[in-house]
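Sequence lines, in order, name chains A and B.
Each residue of the first sequence is one higher than the one before, starting from 7 at the first, in the working numbering.
Each residue of the second sequence is one higher than the one before, starting from 2 at the first, in the working numbering.
Hint data in this document are derived by calculation from the structure and do not stem from the laboratory.
Source: prediction; values computed, not measured.
Errors might be hidden in some of the hints.
Derived CB-CB ranges, DEER-like [stated by the list, open to error]: (1) A:203 x B:26: 53 to 59 Å; (2) B:141 x A:316: 51 to 57 Å; (3) B:180 x A:325: 45 to 51 Å; (4) B:180 x A:29: 58 to 64 Å; (5) A:271 x B:245: 54 to 60 Å; (6) A:190 x B:145: 50 to 56 Å; (7) A:242 x B:17: 28 to 34 Å.
We treat Cβ as the ideally placed atom computed from N, Cα and C, and that holds for glycine.
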Amino acid sequence: MPTRQRALLILLTLCLLAVGSFGMALMAGSLRVPPGEVLGALFGQGQDSAEIVLQLRLPRAIAAFACGGLLALAGALMQVLLRNPLADPYVLGISGGAGVGAMFALMLGLPVLAVDSLAFAGALGAMFIVFGLAHGDGSWTQTRLLLTGVIVAAGCGALVALMLAIADENRLRGMLFWLMGDLGQSTQWWPALLALGVGLALAMPFARELNLLARGQMQAQALGVAVGRLRWVIYLLASLATAASVTTAGSIGFVGLVVPHLVRLAAGNDQRLLLPASALAGGSLLVLADTAARTLIAPQQLPVGVLTALIGVPVFLFLLSRQPK
Amino acid sequence: MSAPLIETRALRVSIGERTVIDRLDLSLAAGERLAILGRNGAGKSTLLSTLAGLRQPAGGAVLLDGEDAHLMPPRETALRRAWLGQFHNDPFGSTVLETVLTGRHPHLGRWDWETPNDAKLACSALAAVGLDGMEKRQIHTLSGGERQRLAIATLLVQAAPLYLLDEPLSHLDLNHQMAVLELFAATARDCGAGVIMVLHDPALAHRFCDRALLIQGDGQTQCGTVDEILTAPRLSELYGYQLRQIDDAGRRCFIPE
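So that you can see chain A by itself, here it is in the shape it has in the complex (with noise of 0.2 Å):
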């Protein structure tokens, strides 16, 4: 069990970690800046690459870093709230409700506003159906949530590839970065932000009775949690962090399924580290990931969430494999 000092100690390094992430984010591109040119430009000096920092790279590392939290965030509820490690935020439908919104309004050509907000649509849609069903008979067990939430994004799935199968051909290479996850995309970088410090902010109170009901609902009803109302909240703030995220970059992959796992694996599974050292890491990565995607073959760039996966799976099989049994 780590103290609070231990705790402290660790979301500081991995403040550090973010700093570090940042500083390569605003430094690395076709474009490269000195790290003296880039303090410079965030302290206002202006120089000729001061545009470059604030107007281009900035943005879209804090849009990175707001997903990648709100991903890691959502996961690690998702599997609290599932009791199943393998639960990431996408497992419940959302991703699926809010690729069918982006789909449609990609496929018709629609602007950029209307796609972030068909796609946000349809995540609170496949919200409010996951949970209308699953909640239908007052039981809502984990098993019954789970089940209705796969199938619904097993519909969605179906929708999307009927878009992708109709869609006009010039259209379709957008939709798909949109389904792997594209951080060029996302126009506005402050709602992810703000989302990940309320999803943070509301999640942490009840981060010990979280504790508990990873270890059963009753046992945790049984030392005093009021478990209805905490899977509620937990249900919805894991729902609109996915949902904002998704609306601002896409489906990213693998990084609210492993970051949780990471730290767990680093820092053990208080849930009281584990959600704001998961929002803090899955933000550092994301902005390395996005980073690299965008200059490992530029001009051209990468979708993200290709690398999001290449970068973490030999972290995570590291991280596995020195773990002693």
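Please build the complex by placing chain B on the supplied structure of chain A, with the hints as guidance.
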């Protein structure tokens, strides 16, 4: 006499459409121990979780310390009774010490972290069930009996005046069965705790409890002192199997014919 730790008024408990307990009036004072016996599926665990306030009664009420358990905030309930469930499974890893410390939850404020004092309580609870020195072990490396004792240690640190134990002896070997029963007998005697436990061995129920409640599974129940309730005729009828009773120096044992 202070108010009873727990009291039921015309309690009715149903599983689906089936009523397993009907019009049960029961009360348990400090220091008393009650055994619940019945066939598999008779509703013993369901009754126990209803007594714990984890399940809504189909009728009547459960009062903890004179207040309706179902209207109480869960945290308040957790300070008045501790409940030991039958099943423990953990999808996520955790150490023994972390697991025991979860028992302190109702005593901690929302932003509190466990203090060294809580850790001290946890360690002495682990020692009480013979798990001292295992604090750092991962729980999935424990055996079934060790898991059961860990759950009992978690219950002890919850430090509630009433213990509701669902098959506390499951997975335990003989010496630990006796140790656990002695432990709760001592807690009842020395700390005035009330203990209600679901047991399968009428001999142990006779030896370690003051009263017994037989559950027939069709709504009928019989309650009384162990001497009067735990007899061969009654138990033979309860289990549907002929038992012979042997009395020896105030203790009683039952041999299946």
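Going through the earlier hints one by one, which of them does the structure break, listed in rising order?
2, 3
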